[in-house]
Amino acid sequence: MTPRKGRKHAGEAATDTASAAAPAPKLLIAAPIAVRWRDLDAFNHVNNSTYLTYLEEARLQWLRQVPGPWFDAHAMPLQAAAEVNYRRPIEWPAQIVVQLYCERLGNSSLTLAHRIVDATDADRLYCDGRVVMVWADPENGRPVTLPQAIRAACG
1 MTPRKGRKHA
11 GEAATDTASA
21 AAPAPKLLIA
31 APIAVRWRDL
41 DAFNHVNNST
51 YLTYLEEARL
61 QWLRQVPGPW
71 FDAHAMPLQA
81 AAEVNYRRPI
91 EWPAQIVVQL
101 YCERLGNSSL
111 TLAHRIVDAT
121 DADRLYCDGR
131 VVMVWADPEN
141 GRPVTLPQAI
151 RAACG
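Reminder that position 140 of the sequence shown reads as 140 in the UniProt record's numbering, one-by-one numbering, no gaps.
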């Protein structure tokens, strides 16, 4: 699965002309990550919950590179949803790359498509999906306008 534009479900092919002609989502970062021994579960592969940690690490690497303020006392990013499609197990030792793509910008939200691939073979796909981040006021939890720095970084 490659990152896509629109709201189709995982595995659903784009069939209409508008979807087929839509520009590819913008690659924001390709974050290298070393798989650690402690990431493994009893089945000797990376535990499913650790994939979310890898995605979080890649998001933070990207956010640190965003020029301009992407949070303040009245606007903090929160993870609102996560879709993780496990394609094959990651076994130790491994070097992986988390690719993050800007899939959609909303008024207060950002949808990031992701792919976790092997560092030496980008065609070896371990996982794909998307995460929705919502910027909210930490005082009341209400959504706030997406920071301009995030819009610019995704544009």
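Just so you know, these hints were derived from the structure itself, not from any lab.
Cβ atoms here follow ideal geometry from the backbone N, Cα and C, with glycine treated the same way.
Treat each hint with caution, since some may be false.
For each label pair, taking beta carbons as the anchor points, the in silico distance ranges come out as [to be verified]:
1) L52 with D72: 33 to 41 Å
2) P23 with A73: 33 to 41 Å
3) R151 with W92: 34 to 42 Å
Results of checking the hints against the structure:
At about 26 Å, the CB distance of L52 to D72 disagrees with the hint of 33 to 41 Å. For the pair P23 and A73, the supplied restraint of 33 to 41 Å holds, since their beta-carbon distance comes to about 35 Å. The hinted range of 34 to 42 Å is satisfied by R151 and W92, whose Cβ atoms lie roughly 39 Å apart.
In summary, the structure is inconsistent with hint 1 from the numbered list given earlier, while agreeing with all the others.
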